Every structure is written in structure tokens, then in C-alpha cells.
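K.L.:
In the UniProt record's numbering, the protein residues as written are 1 to 132.
Just so you know, these hints were derived from the structure itself, not from any lab. These numbers were taken from a predicted model, which means no experiment stands behind them. Just to be clear, a hint being listed does not mean it is correct.
[Claimed, not checked] Cut-off 30 angstroms, straight-line C-alpha distance, at most; resulting in silico cross-link-like pairs (DSSO-like, lysine-lysine):
| id | residue 1 | residue 2 |
| --- | --- | --- |
| 1 | LYS128 | LYS100 |
| 2 | LYS32 | LYS128 |
| 3 | LYS64 | LYS86 |
| 4 | LYS128 | LYS108 |
| 5 | LYS128 | LYS64 |
| 6 | LYS49 | LYS64 |
| 7 | LYS100 | LYS32 |
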Amino acid sequence: MNKLLFYKAKSYTNNNETGYSKGRLLIMEVIKISELPVFTNPRGVSARKVLERDGLVLMNLLLKPGDVVQAHTSPQNVVFQVVQGKGAISVGDVESTVEKDDLVYSQKGIPHGLKAAPDQEFHVLVWKLPTP
Numbered sequence: 001m002n003k004l005l006f007y008k009a010k011s012y013t014n015n016n017e018t019g020y021s022k023g024r025l026l027i028m029e030v031i032k033i034s035e036l037p038v039f040t041n042p043r044g045v046s047a048r049k050v051l052e053r054d055g056l057v058l059m060n061l062l063l064k065p066g067d068v069v070q071a072h073t074s075p076q077n078v079v080f081q082v083v084q085g086k087g088a089i090s091v092g093d094v095e096s097t098v099e100k101d102d103l104v105y106s107q108k109g110i111p112h113g114l115k116a117a118p119d120q121e122f123h124v125l126v127w128k129l130p131t132p
């Protein structure tokens, strides 16, 4: 179950710069990704919508062995974070084999795609970054 936690910030300093002032109300949202509903996205892949705030969209793609997300473009910069398995991510003309804990950055407007290895699931967090 997702939780919204409200708390009052304490003063702190970091490199002689003051952080949040004492008493400012902050919100921390704890999201249990594994508890979010799974749906089939428009590209035919199982996915979870994790977060959509202030121009940031975070999706969890759950590719089955051999699944492919065909190359397409996005109007924002994208970061792919591999959280399980092994596969390939292409950006432009370059394809790279990636595995758990790898990150791949793709600039907006550049075609990118994903391909799960034939013998294992490939779970990827897709961070669609806010466009200034």
C-alpha cells in the first residue's frame, strides 16, 4: 500500500548553505512498486505506472523473455534503469546489452527501444524526465 507521510523539516546545513527551513511542511510518498496494478501499455508490454509528478513520469516495464519494444521517440529525455534480468537497449543506431543495476540515458527525439533476453524477464524503470 502506498503511503503519504507528512513531516516538518528540521534545519540542516550542507556546504554552508541552509536547507529547508525549520517547520516547513514536506511530503514523502512511499510507493510499493510490486503492489501497483499491472496493465498492458500501448506498445503491448506489461507495465506499472509508478509516479507522475511535476513533468516526471516513472514507469516500470515488465518484459517477458523475448519481448521487444520497437524503437520509438519521446518528447522528453529518458533514463532506463534495469532492475531485473538482462536485455538490450538501443538508442539511435547503437544497441547495448544491459543487466541489473545498469542505467542508459536517451535524449529526447532520439529513437530508443528495448529487447528482453530470450531466457529471462527484463524489468526496467523508465524515467521520463521533465522538459524545461
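K.L.:
Would you mind marking each hint as holding or not holding in the structure?
P.N.:
Hints, one by one, checked against the model:
{"no.": "1", "hint": "LYS128 to LYS100", "in the structure": "holds (19 angstroms)"}
{"no.": "2", "hint": "LYS32 to LYS128", "in the structure": "holds (19 angstroms)"}
{"no.": "3", "hint": "LYS64 to LYS86", "in the structure": "holds (11 angstroms)"}
{"no.": "4", "hint": "LYS128 to LYS108", "in the structure": "holds (9 angstroms)"}
{"no.": "5", "hint": "LYS128 to LYS64", "in the structure": "holds (22 angstroms)"}
{"no.": "6", "hint": "LYS49 to LYS64", "in the structure": "holds (17 angstroms)"}
{"no.": "7", "hint": "LYS100 to LYS32", "in the structure": "holds (19 angstroms)"}
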